[in-house]
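As given, the protein sequences belong to chains A and B, one line each in that order.
Converting from the first sequence to this note's numbering requires adding 73 to each position, the first position being numbered 1.
Converting from the second sequence to this note's numbering requires adding 73 to each position, the first position being numbered 1.
Any copy, or any two copies together, can satisfy a pair, since identical chains are not distinguished.
Pairs of lysine to aspartate or glutamate, DMTMM-like flavour, derived with a Cα cap of 25 Å:
#1 LYS75 <-> GLU309
#2 LYS300 <-> GLU372
#3 LYS392 <-> GLU296
#4 LYS196 <-> GLU225
#5 LYS75 <-> ASP304
#6 LYS75 <-> GLU296
#7 LYS198 <-> GLU98
#8 LYS432 <-> ASP194
If you are wondering where the hints come from, they were derived from the structure by calculation, not from laboratory data.
Protein chains: 2
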Amino acid sequence: MKNFIFHNPVKIIFGKDQISKIAQEIPANARVLMTYGKGSIFKNGVYDQVKQALAGIELHEFGGIEPNPRYETLMKAVEIIHQNKLTFILAVGGGSVIDGSKFIAAAALYNGDPWDFLSKDIKVKAALPLGSILTLPATGSEMNGNSVVTRESSRQKMAFSSPLVYPQFSVMDPQTTLSLPWVQTANGIADTWIHVTEQYLTYPQNAPLNDRLAEGILKTLIEEAQKVLEDPNNYETRANLMWCSTMALNGLLSTGVYTDWATHQIGHELTALHGLDHALTLTIIFPGLMRMMKIEKREKLLQYAERVWNITQGSDDEKIEAGIEMTDQLFRNLGLKTRLSEHQITKEDIQYITDRFNKNGPNKLGEKGLITPHTINSILLSRL
Amino acid sequence: MKNFIFHNPVKIIFGKDQISKIAQEIPANARVLMTYGKGSIFKNGVYDQVKQALAGIELHEFGGIEPNPRYETLMKAVEIIHQNKLTFILAVGGGSVIDGSKFIAAAALYNGDPWDFLSKDIKVKAALPLGSILTLPATGSEMNGNSVVTRESSRQKMAFSSPLVYPQFSVMDPQTTLSLPWVQTANGIADTWIHVTEQYLTYPQNAPLNDRLAEGILKTLIEEAQKVLEDPNNYETRANLMWCSTMALNGLLSTGVYTDWATHQIGHELTALHGLDHALTLTIIFPGLMRMMKIEKREKLLQYAERVWNITQGSDDEKIEAGIEMTDQLFRNLGLKTRLSEHQITKEDIQYITDRFNKNGPNKLGEKGLITPHTINSILLSRL
Chain A
74 MKNFIFHNPV KIIFGKDQIS KIAQEIPANA RVLMTYGKGS IFKNGVYDQV KQALAGIELH
134 EFGGIEPNPR YETLMKAVEI IHQNKLTFIL AVGGGSVIDG SKFIAAAALY NGDPWDFLSK
194 DIKVKAALPL GSILTLPATG SEMNGNSVVT RESSRQKMAF SSPLVYPQFS VMDPQTTLSL
254 PWVQTANGIA DTWIHVTEQY LTYPQNAPLN DRLAEGILKT LIEEAQKVLE DPNNYETRAN
314 LMWCSTMALN GLLSTGVYTD WATHQIGHEL TALHGLDHAL TLTIIFPGLM RMMKIEKREK
374 LLQYAERVWN ITQGSDDEKI EAGIEMTDQL FRNLGLKTRL SEHQITKEDI QYITDRFNKN
434 GPNKLGEKGL ITPHTINSIL LSRL
Chain B
74 MKNFIFHNPV KIIFGKDQIS KIAQEIPANA RVLMTYGKGS IFKNGVYDQV KQALAGIELH
134 EFGGIEPNPR YETLMKAVEI IHQNKLTFIL AVGGGSVIDG SKFIAAAALY NGDPWDFLSK
194 DIKVKAALPL GSILTLPATG SEMNGNSVVT RESSRQKMAF SSPLVYPQFS VMDPQTTLSL
254 PWVQTANGIA DTWIHVTEQY LTYPQNAPLN DRLAEGILKT LIEEAQKVLE DPNNYETRAN
314 LMWCSTMALN GLLSTGVYTD WATHQIGHEL TALHGLDHAL TLTIIFPGLM RMMKIEKREK
374 LLQYAERVWN ITQGSDDEKI EAGIEMTDQL FRNLGLKTRL SEHQITKEDI QYITDRFNKN
434 GPNKLGEKGL ITPHTINSIL LSRL
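Bound-form chain A, shown alone (with noise of 0.2 Å):
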């Protein structure tokens, strides 16, 4: 185990009709810019309990923040927050929403082009307070410093990250899930489960307590999907997905140990070229990374199936393979697509994409630096 810090101040407030509480968490003299996405608070009453809870204070909006939000977009929030010098963000929505709040909360303080905390690596250096409730569990975001932005103009999908944008609280009403579309259930399962797989399945560094924690993540996701599956209307089983969601990527599960994320870097290529639902990208490149690095995550593959999926028969060469197939097939149940070619993705996109990762980088991913941009094109080759 190597040194670490672990530092996770964001307030959870969980269960049912608990948005009223964000009277609470929000000064009386904020002036707050709620943001959310393409309407679905509208429908699902959250909109109404917001403005109910925040009635009294200044409550400025921005709405039609994209899946994968875009710089373009959210740079036109930072221009309403300057014009009305506002003071707080409440986020309102999903990954993305939050996401996209967080590049809002940075961009507000920052003096030049805010592209650079993705581009440049610069460091945020102050945000404005921002608080979230989350309507659709996947990413994570609503209790971590990680944000995703697209770049239109340039069609890049690159990542941040800043103690300083950590939401210093959020709603979280499972509620507000039981409307989704089956879709983005689906994905939501698949985003957590990947979170968890690029901090787990590396090589034996004994964190044990990782592992287990992490094993106990992708169980209950397997039961609890399965359940969603037969009772989507279940509030149970929704609330269990959505703490899932949030312990996959808090930090826990990374703490002193190296991570992979090469599944979610090449997967960000496939959205930003091609549109896909960032869930999507994962699936389908998920199996073929394990498969290209077998040697290399030896170890912990066979100790995923074995522990996750309860495969005991066979050599261990087999056991891996079906620790994978067991995968695919479990994001397949749920609906989800697996292989390129179901989006029309071709030979010459894999190329154009291993072209882009040689020419812009990065060119070693993975927890030890293996996954050259060679790697990355047989991996896709693999998953026409």
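Put chain B on the given structure of chain A with help from the hints.
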């Protein structure tokens, strides 16, 4: 799952040679009281590391905090704080020092007898800021707002908790635990174990992730306990045990569920009246309480036997008994006693404890309030 708030702002600084980092965490103009116990910090080098890290900062000292820290002792530290107008407490030691320092932090800013926090459940409204350097993994105090204090005059051991006494930071250097006497290592493992089971061994509450996390900590403890028995000088093993102890009681296992804590509450009487090590009270009571409550806790005890102890043979009753028995054996393998008679505690002593519960309460312990003084009597008699 019931509604919950999770908010744990403690900054954990974990790893080799991290004590020097306290200089970045304590304000340069702070007037610091360093609190410690019986003096192990002089032998393991921690005292010198603190002095070096805080050179230039006004530093007062208060040593001699006992295991099961005493109200009477702690009030002397409060006096020193008042006399010298100190502004920050740095607790250096194990759970007793940190628990005691939390009490000092709250007592220093309270007008009245601070025993009120424990005996009258008066809420803490202000506390001095506090940081900790943990040298004995066991209580989890380094990452929570709990404190247990003993009042010598009335032989009472009681608890209070407050969000205001969370340490701002806790440094955890596993190297400091390499020199622990074996009994403290063993006690720490048992204490951690029971922290988990107090939250886990209740009844099915449809909180599967909590269950998996609890099982993950317990399974890790089984493995690491064996390793530390074989090689007490292994840094990695010590690091894993240390992180388990923190994770066992930082609030994650109790999110959304009702918890037990009867083993602790009964155990506190044994410590207050007979001076038993805290952990030894737990190792005695746990098997008895589980057997006594095995109808009420049936489903979870079976799950515990199957998932934690991998017991697959026998009837459900046999599995449950085997799970309890293996726990007893785990403790005995660590060299810990699990019987009252091994401490010369008699039937008469048990009657006295029962009478105290009858007179002073609480008289309904456990996750459902089903454990009465009569039950406590039976549990203790079963552990003679």
